[in-house]
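Number of protein chains: 2
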Amino acid sequence: MRAIVPYGAVDPKTRLNSVLDTDERAAFALVMLRSVLTTLRDAGHEPTVLSTAPLAEDVRAPSATVAVDDRPLTTAVNEQLAAADTPRLIMMADLPLATPAAVTGLTADTADIAIAPGLGGGTNALVVREPAFRVDYHGASYLDHRAAAADCGGTVSVVDSRQLATDIDEPSDLAEVLLHGDGPARAWLEDAGIELAVGDGRVGVRRP
Amino acid sequence: MRAIVPYGAVDPKTRLNSVLDTDERAAFALVMLRSVLTTLRDAGHEPTVLSTAPLAEDVRAPSATVAVDDRPLTTAVNEQLAAADTPRLIMMADLPLATPAAVTGLTADTADIAIAPGLGGGTNALVVREPAFRVDYHGASYLDHRAAAADCGGTVSVVDSRQLATDIDEPSDLAEVLLHGDGPARAWLEDAGIELAVGDGRVGVRRP
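These protein sequence lines are chains Z and D, in that order.
Under this note's numbering, the first residue of the first sequence carries the number 8, and numbering increases by one thereafter.
Under this note's numbering, the first residue of the second sequence carries the number 8, and numbering increases by one thereafter.
Keep in mind that the hints were calculated from the coordinates and are not lab data.
Take these hints with a grain of salt, some might be off.
What the hints assert, rightly or not - Here are the in silico distance ranges between beta carbons for each label pair: (1) Z:191 <-> D:206: 46 to 52 Å; (2) D:48 <-> Z:191: 40 to 46 Å; (3) Z:25 <-> D:118: 49 to 55 Å; (4) Z:118 <-> D:118: 38 to 44 Å; (5) D:92 <-> Z:90: 25 to 31 Å; (6) Z:107 <-> D:24: 38 to 44 Å; (7) Z:82 <-> D:157: 32 to 38 Å; (8) Z:159 <-> D:194: 41 to 47 Å; (9) D:33 <-> Z:162: 38 to 44 Å; (10) Z:60 <-> D:89: 57 to 63 Å; (11) D:139 <-> Z:29: 47 to 53 Å.
Glycine is no exception: its CB is placed at the ideal position from the N, C-alpha and C atoms.
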């Protein structure tokens, strides 16, 4: 399936700024992007990175098509949806825990719109089989996408995947990578000296 | 499968105290417990509530056996594991998003220890097929349970379920119930006037 991976290339991951500086956030965002591209290819899909700015050649490995569109996320994704046939998979670039099996669980779903929600109402991955469907990533996009699917008469399915639900936006999310990751994103965090902080409640991270 | 549902009956859910008062937290915890008992029974299991204090008859509906043990969680669960044959399912009482299908995904796994992790390193549900295995819920119990399984030579499987990963401990977790729930826990929150607060990042809750 043709897959779109939106990527905000300019000052990414600002909500991690209490733990990572600007250069580190840019580097870590690229590590996560490459992880998602590898996962998609291992699941048998052909990813196109939809980036807000050109990417250097070396960050495009493993090989992926890059389309540059500096408009807002929703506009850029809808342009892609309008330009090509369905089905299309749209998957966020900050899902380093996603496995090929989790992606296959989503793409095997035959609903017109299959949603993998993120924490807090986001939409981390989406399969669109209904040509009239358009995305809206502002606000509680999970609810908006359900409503939009209903508006165009489409069936909706919501997949139950922790791996696809764990987008990495906030410092506490880094703990999930250290707890459950086994790829380059975890290795990058460990090299950067980020470690788990175990207390009474949920595990967090610290940088001693 | 015989299922144990640990339940802290005294001043439950203290981390929700910025949104719910003491009586409300007690009431909401019971709503969630009943939801989990229904889910387990719908999945074909026989739940026993392992409560730190006796429960009134009406909060035991749908009918469930109640065992009272006021010792710490880990001690009480291990006493249960030592007292009966495996396999046993241990499932937390604060998982109102759990569905029978998600529970079946866990119990169908044939590993000696099958884990459904919670956010932040917890262990939300666990199937134990290895008689020598004992739990330890302190700290990052997910990692401890993996290590304990290895120590007794057991195979480990980690299931990929957002529904089972979403334990309700903190105010932001209430947003997940309002976003994804369709049962009594969501209805209770709506009746209490808790609503989604949509901003730029993840959706939270507010109580106008």
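To see whether the hints hold, each was checked on the structure:
1. The supplied range of 46 to 52 Å is broken by residue 191 (chain Z) and residue 206 (chain D), whose beta-carbon atoms lie about 31 Å from each other.
2. For residue 48 (chain D) and residue 191 (chain Z), the Cβ-Cβ distance of about 43 Å falls inside the hinted range of 40 to 46 Å, so the restraint holds.
3. The given range of 49 to 55 Å is broken by residue 25 (chain Z) and residue 118 (chain D), whose C-beta atoms sit roughly 38 Å from each other.
4. Remark: the range hint 38 to 44 Å for residue 118 (chain Z) to residue 118 (chain D) is contradicted by a beta-carbon distance near 30 Å.
5. Judged by the Cβ atoms, the range 25 to 31 Å given for residue 92 (chain D) and residue 90 (chain Z) is violated: they are separated by roughly 60 Å.
6. For the pair residue 107 (chain Z) and residue 24 (chain D), the supplied restraint of 38 to 44 Å holds, since their beta-carbon distance comes to about 42 Å.
7. For residue 82 (chain Z) and residue 157 (chain D), the Cβ-Cβ distance of about 50 Å falls outside the hinted range of 32 to 38 Å, so the restraint is violated.
8. A hinted range of 41 to 47 Å for the beta carbons of residue 159 (chain Z) and residue 194 (chain D) is inconsistent with their spacing of about 29 Å.
9. In this structure the supplied range 38 to 44 Å holds for residue 33 (chain D) paired with residue 162 (chain Z), their Cβ-Cβ distance being about 40 Å.
10. The hinted window of 57 to 63 Å between residue 60 (chain Z) and residue 89 (chain D) holds, with their beta carbons roughly 60 Å apart.
11. As the Cβ distance of residue 139 (chain D) to residue 29 (chain Z) is approximately 50 Å, the hint placing it in 47 to 53 Å holds.
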